[in-house]
Amino acid sequence: MPLPHWTSENVLPPGRHQSDLSDIYERLVWDAPYRNEREILFSALSGYLGVVCRLIPSGRAWIGGGLTVRSAEIPRDVDVVLLPDEWGALKRLDGHARSTFYGMFTLRGVIAEQPAMYLEQVQPVSGLVDGFLCHPGDEDVWESVWSHGPVPGTVKGFPEVVW
Numbered sequence: 001m002p003l004p005h006w007t008s009e010n011v012l013p014p015g016r017h018q019s020d021l022s023d024i025y026e027r028l029v030w031d032a033p034y035r036n037e038r039e040i041l042f043s044a045l046s047g048y049l050g051v052v053c054r055l056i057p058s059g060r061a062w063i064g065g066g067l068t069v070r071s072a073e074i075p076r077d078v079d080v081v082l083l084p085d086e087w088g089a090l091k092r093l094d095g096h097a098r099s100t101f102y103g104m105f106t107l108r109g110v111i112a113e114q115p116a117m118y119l120e121q122v123q124p125v126s127g128l129v130d131g132f133l134c135h136p137g138d139e140d141v142w143e144s145v146w147s148h149g150p151v152p153g154t155v156k157g158f159p160e161v162v163w
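Residues 1 to 163 in my numbering are what the sequence shown spells out, letter by letter.
The hints are simulated quantities; they were obtained by calculation from the structure and are not laboratory data.
Everything numeric in this text was worked out from a predicted model, so none of it was measured.
C-beta atoms are modelled at their ideal positions from N, C-alpha and C, and glycine is treated no differently.
A portion of the hints provided could be inaccurate.
What the hints assert, rightly or not - Here are the in silico distance ranges between beta carbons for each label pair:
| id | residue 1 | residue 2 | range |
| --- | --- | --- | --- |
| 1 | Glu73 | Asp94 | 36 to 44 Å |
| 2 | Ser144 | Glu26 | 34 to 42 Å |
| 3 | Ser22 | Ser58 | 17 to 25 Å |
| 4 | Glu26 | Arg92 | 34 to 42 Å |
| 5 | His96 | Pro152 | 41 to 49 Å |
| 6 | Glu139 | Glu26 | 38 to 46 Å |
| 7 | Asp85 | Val110 | 28 to 36 Å |
Produce the entire structure from the sequences given, and follow the hints as far as they go.
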C-alpha cells in the first residue's frame, strides 16, 4: 500500500502507515529532496531490515528519523524500532545470531577496550541507522516518540514494515 502524500508541514499524515520497502523508496527517497543522500540511507535501511528478517521470524519495524521528513535539511540517519512478534524467538537465537542481533542496536556511552576509547554513541551501519528494540508493553511510548513532528506541537506519521 503506497505511503500517503506529504502534508503541508512536510511530514506524513499522523498514524502508522503499513508499507513495504518499495513504498518507502517511492515516498521518502524519490519524492523528497536530497535524493542521493536518501538513496544511501535507504540502502542502509534495506540491508538492516534484511538482516533483521533473517534473525527474527516475524515482527514489525517502525521507521523514523530524518528520512521520514521532507525538509530543507539533509537527512543524516534513519531510525528503526523493532517490534518482534514473539520474544521467545530472541531467546532461542544461537551465539552468533544473538551477537549479530544485539550488535544492530544503538548504544550510548560506550567504553571500548581495544582500541581504548570512549564513544558517546555507536550506531549500526556506520552511523546511518539508529536501531532500537521495543519491549512488550512499551509500544505506546515508542509510538508517541515516533509521532513527534520536527516542529514542536506537530504530529507526524511513520511507515510500518511487517514481515
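Q) Which earlier hints can't be squared with this structure? A) 2 and 6
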